[in-house]
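Student: Since the structure of chain Y is already known, use the hints to place chain F on it.
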Amino acid sequence: MQIYRSHILVCGGTGCTASKSLEIISELESHINANSLQNEVKVVKTGCFGLCEKGPILVIYPEGATYVTVAPSDVKEIVEEHLVKGRIVKRLLPKDAKLAEVVTSLDKVDFFARQMRIALRNCGVINPEVIDEYIACDGYKALGKVLTEMKPADVIAEIKKSGLRGRGGGGFPTGVKWELASKPVADQKYVCCNADEGDPGAFMDRSVLEGDPHSVIEAMAIAGYAIGASQGYIYIRAEYPIAVERLQIAIKQAKEYGLLGKNIFDSDFSFDLELRLGAGAFVCGEETALMTSIEGKRGEPRPRPPFPANEGLWRKPTVLNNVETYANIPSIINNGADWFASIGTEKSKGTKVFAIGGKINNTGLVEIPMGTTLREVVYDIGGGIPNGKKFKAAQTGGPSGGCIPAQLIDTPIDYDTLIQLGSMMGSGGLIVMDEDNCMVDIAKFFLEFTVDESCGKCPPCRIGTKRMYEILERITEGKGEESDIEKLEILAKNIKASALCGLGQTAPNPILSTLKYFRDEYDAHIKDKKCPAGVCKSLLKFVIDADKCKGCSLCQRKCPTNAISGEIKKPYVIDQDKCIKCGACMDACKFKAIEKKA
Amino acid sequence: MAEMVTLTIDGIEVKAPVGSTVLDAAKSAGIKIPTLCFLKEINEIGACRMCVVDTGARSLQAACVYPVSEGLKVVTNSPAVREARKVTLELILSNHERKCLSCVRSNNCELQQLAKDLNIEDIRFDGETYDFCVDDASPSIVRDPNKCVLCRRCVSMCKNIQGVAAIETMERGFKTIVSSPFNMSLNDVPCVNCGQCITVCPVGALKEKDDTQKVWDAIANKELHVVVQTAPAVRVAIAEEFGNPVGSRATGKMVTALRKLGFDKVFDTDTAADLTIMEEGTELLGRIQNGGKLPVITSCSPGWIKYCEHNYPEFLENLSSCKSPQNMFGAVLKSYYADKMEIDPKKMFVVSVMPCTAKKFEVQRPELGTDCYSDVDVSITTRELARMIKEAGIDFNNLEETHFDDPMGDATGAAVIFGATGGVMEAALRTVADILDNTDHAEIEYKAVRGVEGIKEAEVEMGGMKVKAAVAHGLGNAKKLLDKIKAGEAEYHFVEIMACPGGCVNGGGQPIQPATVRNEVDLRAERAKAIYVEDESLPIRKSHKNEKMMKLYEEYFEKPGSHKAHKYLHTHYVARENYPDDCSEGCC
Chain Y
1 MQIYRSHILV
11 CGGTGCTASK
21 SLEIISELES
31 HINANSLQNE
41 VKVVKTGCFG
51 LCEKGPILVI
61 YPEGATYVTV
71 APSDVKEIVE
81 EHLVKGRIVK
91 RLLPKDAKLA
101 EVVTSLDKVD
111 FFARQMRIAL
121 RNCGVINPEV
131 IDEYIACDGY
141 KALGKVLTEM
151 KPADVIAEIK
161 KSGLRGRGGG
171 GFPTGVKWEL
181 ASKPVADQKY
191 VCCNADEGDP
201 GAFMDRSVLE
211 GDPHSVIEAM
221 AIAGYAIGAS
231 QGYIYIRAEY
241 PIAVERLQIA
251 IKQAKEYGLL
261 GKNIFDSDFS
271 FDLELRLGAG
281 AFVCGEETAL
291 MTSIEGKRGE
301 PRPRPPFPAN
311 EGLWRKPTVL
321 NNVETYANIP
331 SIINNGADWF
341 ASIGTEKSKG
351 TKVFAIGGKI
361 NNTGLVEIPM
371 GTTLREVVYD
381 IGGGIPNGKK
391 FKAAQTGGPS
401 GGCIPAQLID
411 TPIDYDTLIQ
421 LGSMMGSGGL
431 IVMDEDNCMV
441 DIAKFFLEFT
451 VDESCGKCPP
461 CRIGTKRMYE
471 ILERITEGKG
481 EESDIEKLEI
491 LAKNIKASAL
501 CGLGQTAPNP
511 ILSTLKYFRD
521 EYDAHIKDKK
531 CPAGVCKSLL
541 KFVIDADKCK
551 GCSLCQRKCP
561 TNAISGEIKK
571 PYVIDQDKCI
581 KCGACMDACK
591 FKAIEKKA
Chain F
1 MAEMVTLTID
11 GIEVKAPVGS
21 TVLDAAKSAG
31 IKIPTLCFLK
41 EINEIGACRM
51 CVVDTGARSL
61 QAACVYPVSE
71 GLKVVTNSPA
81 VREARKVTLE
91 LILSNHERKC
101 LSCVRSNNCE
111 LQQLAKDLNI
121 EDIRFDGETY
131 DFCVDDASPS
141 IVRDPNKCVL
151 CRRCVSMCKN
161 IQGVAAIETM
171 ERGFKTIVSS
181 PFNMSLNDVP
191 CVNCGQCITV
201 CPVGALKEKD
211 DTQKVWDAIA
221 NKELHVVVQT
231 APAVRVAIAE
241 EFGNPVGSRA
251 TGKMVTALRK
261 LGFDKVFDTD
271 TAADLTIMEE
281 GTELLGRIQN
291 GGKLPVITSC
301 SPGWIKYCEH
311 NYPEFLENLS
321 SCKSPQNMFG
331 AVLKSYYADK
341 MEIDPKKMFV
351 VSVMPCTAKK
361 FEVQRPELGT
371 DCYSDVDVSI
381 TTRELARMIK
391 EAGIDFNNLE
401 ETHFDDPMGD
411 ATGAAVIFGA
421 TGGVMEAALR
431 TVADILDNTD
441 HAEIEYKAVR
451 GVEGIKEAEV
461 EMGGMKVKAA
471 VAHGLGNAKK
481 LLDKIKAGEA
491 EYHFVEIMAC
501 PGGCVNGGGQ
511 PIQPATVRNE
521 VDLRAERAKA
531 IYVEDESLPI
541 RKSHKNEKMM
551 KLYEEYFEKP
561 GSHKAHKYLH
571 THYVARENYP
581 DDCSEGCC
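Listed in order, the protein sequences are those of chains Y and F. Take 1 as the starting number for the first sequence in our numbering and just add one per residue. Take 1 as the starting number for the second sequence in our numbering and just add one per residue.
Isolated chain Y, as found in the complex (with noise of 0.2 Å):
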């Protein structure tokens, strides 16, 4: 085996791909080449590292040395100085805000050190495409171990005292599930992966399968060992294609290696495994409705009972969990239940996954221990709210969870405390707000998305939703009534009692939740027909302030219905009836005279 002095990873998740990581990589590999130094360097393409904000990103080992932002053009400077010349480049390493002073390895940075990576534990550690490199780190033990030494009872067992619970939304004990879908006798029986991952701004489950699909069919293979199942499924968004791509390369090198097909290490087990590929409709997420999609049929629930586990995919015992899920079973196999059930809380075991966006200065995904205080994934990890701003709520569970105030930031995350909160754990989008956002205005963002991707089936999600967000958008547009909070109120409680599946039956949350933590803002935007946080553009005005004009004319060169009027050197005016409020005016101006008003 070659051996080499320098190792270079280079994330090629689908952040950093996007910002040319894959030109880096081939700019790297031809200076390299340049300098003689392709039998001591070696370029690795891995998964994503979690600091997308600041991608894309290159670590060169054995330094540690972690470059962020790179572009194409800092190759050659990164080759001469730090292989050549074994100077690290300063100038690209991560500046954390607090220590204020480079670093040069990962775990030295806020974000990374209050990490835990379990399921993200290959995640910008090995190259996805090469089966070995997963071998090398422990990859596949936990499939050898339970197929030669355990029972699947014995397996069951251990996931079930993991505490392990399922990552998807849900939280659901996966131990449990496993054991339901393990008892009825059938001649079928099958394994799904839910890689439909479709929350707004959520992309924990792409990076894994970026950066780990090993770990998943690993997994795979084990939950069909416990339950009795021959043949597995991942349903994959269509709109991942790395995602799908390192599957496929994945999968036939497990085939060539025999750890999927007949007879896995010699023993009595076969396990097969396929994909299959979703048009990216957000009810398939759902576990009816990704199983009536695997079958070919139209994407829509159905009910439960009969529930997977007895009567799932073609109504055979089925059981279905989430990629992050699955991504943790070798471990907790490799360490043993008591090991993962130290971590986290009481009833929440483990780590969670979370992709955080919004008003936060470092966007990206992390790991963080069950019961890790919103404070500090907001402040500590995610390295504080840009601009100075105030934190004003986070939101968690995508277009079904809710929204925690500033007040409860102090709240440990498990899945209870958000449920008790109004809110739920979902599949892990974290979004951050500010004092810039209103919260009638996201309400109506996460209700929108609901109306978009509703099925269509059952009529509380089809006319409910709608009718709810034509409602919140009468009040956005300050036409909203009194009588307006009391319909919001008795229709989201009525499609959370009857919608047919959990899409529906969740959508009303993040109404429920902004009227529980902002009912003020909701009564400013209906009763004064003011937005507080300046966001909803019908109940603003925008207004030139005479003194601080100094009658340059940008605005009115910029305004694209001509609304704004003046002679030069004297205070310009904006015709109210003309503005359409698009802040082109406000953005221009070099001397902050334009104001929004409420």
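Honestly, the hints are just simulated from the structure, not real lab data. Do not rely on the hints blindly, as some may be mistaken.
What the hints assert, rightly or not - DSS-like cross-link-like pairs, simulated, lysine-lysine; straight-line CA separation at most 30 Å:
1. Y/Lys548 with Y/Lys569
2. F/Lys486 with Y/Lys297
3. Y/Lys297 with F/Lys40
4. Y/Lys183 with F/Lys15
5. F/Lys346 with Y/Lys316
6. F/Lys86 with Y/Lys487
7. F/Lys86 with Y/Lys479
8. F/Lys159 with Y/Lys297
9. F/Lys346 with Y/Lys493
10. F/Lys175 with Y/Lys493
11. Y/Lys151 with Y/Lys262
12. Y/Lys297 with F/Lys479
13. Y/Lys316 with F/Lys559
14. Y/Lys183 with Y/Lys262
15. Y/Lys527 with Y/Lys558
16. F/Lys559 with Y/Lys183
17. Y/Lys45 with Y/Lys20
18. F/Lys480 with F/Lys468
19. F/Lys559 with F/Lys548
20. F/Lys40 with Y/Lys316
21. F/Lys209 with F/Lys73
22. F/Lys73 with Y/Lys316
23. F/Lys222 with Y/Lys316
24. Y/Lys297 with F/Lys484
25. Y/Lys592 with Y/Lys541
26. Y/Lys548 with Y/Lys529
27. Y/Lys581 with Y/Lys569
28. F/Lys73 with F/Lys99
29. F/Lys484 with F/Lys159
30. Y/Lys479 with F/Lys99
31. F/Lys559 with Y/Lys479
32. F/Lys484 with F/Lys447
33. Y/Lys541 with Y/Lys479
34. F/Lys466 with F/Lys484
Tutor: Below, chain F without anything else, positioned relative to chain Y:
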């Protein structure tokens, strides 16, 4: 006996078989739970949420699909349950085109009934409503998505029962619509016009193309000799439109009503059914004796014919070349009868009253006419006839009973049973057995081919040979039977196929019974019973014994299968592409 469980519904202890639903169990306890999308054995999908009940789960559950279990406690009538149902119904109504006064289903609308039952006084959640085009390009079916409540009964019927799948749920969320592929018109897709979608629609989103005005105009035109013919299934169903129970026979009253409407002659399509047996029987015997294409498959059902043309063109040669009784009769009227009565066929207007919407398509087929005249000018359904009777102010229930006009008004019991599945087969067997055995059999009831079982088979000894027969009704069953024949798994001499489940008695043009009735009463069986009672009541029950029809051969057609018979009474078929390349997208 199925294993039983005990559950509690609204405090009442109920025993119910394992596998049954909360809805079934509640019914047995005398508790009524409102439903909308549910149609027993056809659409059991829990979509509409009208039947929600409290089972103690986190959310309310749909009683129509929730299985009973031991110790289950169900509440069907709590404030929360009532409110949930009411809000859901208000939401449905908020997006329903509420033009009830001018809706064909007014007073026979399940949504209207629900609004009444649930005491809806106001619709609190109005907002944007559907604004879709109405598809009225098909000669048979009008589809108005603006009235659709997306219960999907039509989709289940078309796809699962009929196997036609001309319509499906499309789009998502508020834009969801039941439509044909690419929003094409039903006229441009492989819809077979069977109209079963109409009979299961709870509202007025699907209806037959109304041709009553054409009939009124013809009657009012003094130049025209307007003749009406009625199919056997109409007489056993039309009384339902006037409040009578399913299975009421009203042949005499129907004839009187038709006369009162102003038709010059009221004839019985059954006469042509007897004619069909002579022609088809001769064709069958000919093919058996001369090694022709077998099995012979019946051609009475225009929905089946179009289905075959689209989906099984390889069986077109098997189809009997006989026109359907409706068209045979039209052809006879415009030839033999016109000659005899000295009426210019140009001035004759033939109306047919059929239990069928596909007949509206059939009368337009260019090949179904002779000497430049369409065999039949307008075909209306049982429902349209009932509307005409009501519009004319005729008190149907109190009419006297009268008989069809001569000379085309006498038919046999064999012809009457054409209205039920297996009827054509039985009628043919009655005649063919007599001919092959050269005797007058007394045993004429072939019960193996009767009843609502999807595919029925019979083997009958006659003339020293075993005649193998099969009957399928509902196109889903037809598909199964044809696939079996195609795969060489079964061989028959004679096959009867009817597009509609139960045959013509349950045709797409028959009176619409709401789910509350359909879930309790088998329309197919009840109306068929009336058909068989009519058969038994007739003095002659074999087609070849119909003297008036035999006279027709003597005076005009010479003999069954003659050159002249072929000219007027036989037709041909065309293979149809399902989605030709030049088909275009719909309007909205």
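Student: Does each hint hold? Answer for all of them.
Tutor: Going down the list of hints, with the structure as the test:
{"no.": "1", "hint": "Y/Lys548 with Y/Lys569", "verdict": "11 Å, holds"}
{"no.": "2", "hint": "F/Lys486 with Y/Lys297", "verdict": "27 Å, holds"}
{"no.": "3", "hint": "Y/Lys297 with F/Lys40", "verdict": "22 Å, holds"}
{"no.": "4", "hint": "Y/Lys183 with F/Lys15", "verdict": "27 Å, holds"}
{"no.": "5", "hint": "F/Lys346 with Y/Lys316", "verdict": "65 Å, violated"}
{"no.": "6", "hint": "F/Lys86 with Y/Lys487", "verdict": "14 Å, holds"}
{"no.": "7", "hint": "F/Lys86 with Y/Lys479", "verdict": "26 Å, holds"}
{"no.": "8", "hint": "F/Lys159 with Y/Lys297", "verdict": "12 Å, holds"}
{"no.": "9", "hint": "F/Lys346 with Y/Lys493", "verdict": "67 Å, violated"}
{"no.": "10", "hint": "F/Lys175 with Y/Lys493", "verdict": "23 Å, holds"}
{"no.": "11", "hint": "Y/Lys151 with Y/Lys262", "verdict": "18 Å, holds"}
{"no.": "12", "hint": "Y/Lys297 with F/Lys479", "verdict": "21 Å, holds"}
{"no.": "13", "hint": "Y/Lys316 with F/Lys559", "verdict": "61 Å, violated"}
{"no.": "14", "hint": "Y/Lys183 with Y/Lys262", "verdict": "23 Å, holds"}
{"no.": "15", "hint": "Y/Lys527 with Y/Lys558", "verdict": "34 Å, violated"}
{"no.": "16", "hint": "F/Lys559 with Y/Lys183", "verdict": "71 Å, violated"}
{"no.": "17", "hint": "Y/Lys45 with Y/Lys20", "verdict": "13 Å, holds"}
{"no.": "18", "hint": "F/Lys480 with F/Lys468", "verdict": "17 Å, holds"}
{"no.": "19", "hint": "F/Lys559 with F/Lys548", "verdict": "14 Å, holds"}
{"no.": "20", "hint": "F/Lys40 with Y/Lys316", "verdict": "24 Å, holds"}
{"no.": "21", "hint": "F/Lys209 with F/Lys73", "verdict": "48 Å, violated"}
{"no.": "22", "hint": "F/Lys73 with Y/Lys316", "verdict": "28 Å, holds"}
{"no.": "23", "hint": "F/Lys222 with Y/Lys316", "verdict": "68 Å, violated"}
{"no.": "24", "hint": "Y/Lys297 with F/Lys484", "verdict": "26 Å, holds"}
{"no.": "25", "hint": "Y/Lys592 with Y/Lys541", "verdict": "15 Å, holds"}
{"no.": "26", "hint": "Y/Lys548 with Y/Lys529", "verdict": "27 Å, holds"}
{"no.": "27", "hint": "Y/Lys581 with Y/Lys569", "verdict": "24 Å, holds"}
{"no.": "28", "hint": "F/Lys73 with F/Lys99", "verdict": "41 Å, violated"}
{"no.": "29", "hint": "F/Lys484 with F/Lys159", "verdict": "20 Å, holds"}
{"no.": "30", "hint": "Y/Lys479 with F/Lys99", "verdict": "29 Å, holds"}
{"no.": "31", "hint": "F/Lys559 with Y/Lys479", "verdict": "81 Å, violated"}
{"no.": "32", "hint": "F/Lys484 with F/Lys447", "verdict": "23 Å, holds"}
{"no.": "33", "hint": "Y/Lys541 with Y/Lys479", "verdict": "16 Å, holds"}
{"no.": "34", "hint": "F/Lys466 with F/Lys484", "verdict": "20 Å, holds"}
In the structure shown, a violation is registered for the earlier hints numbered 5, 9, 13, 15, 16, 21, 23, 28, 31, in ascending order.
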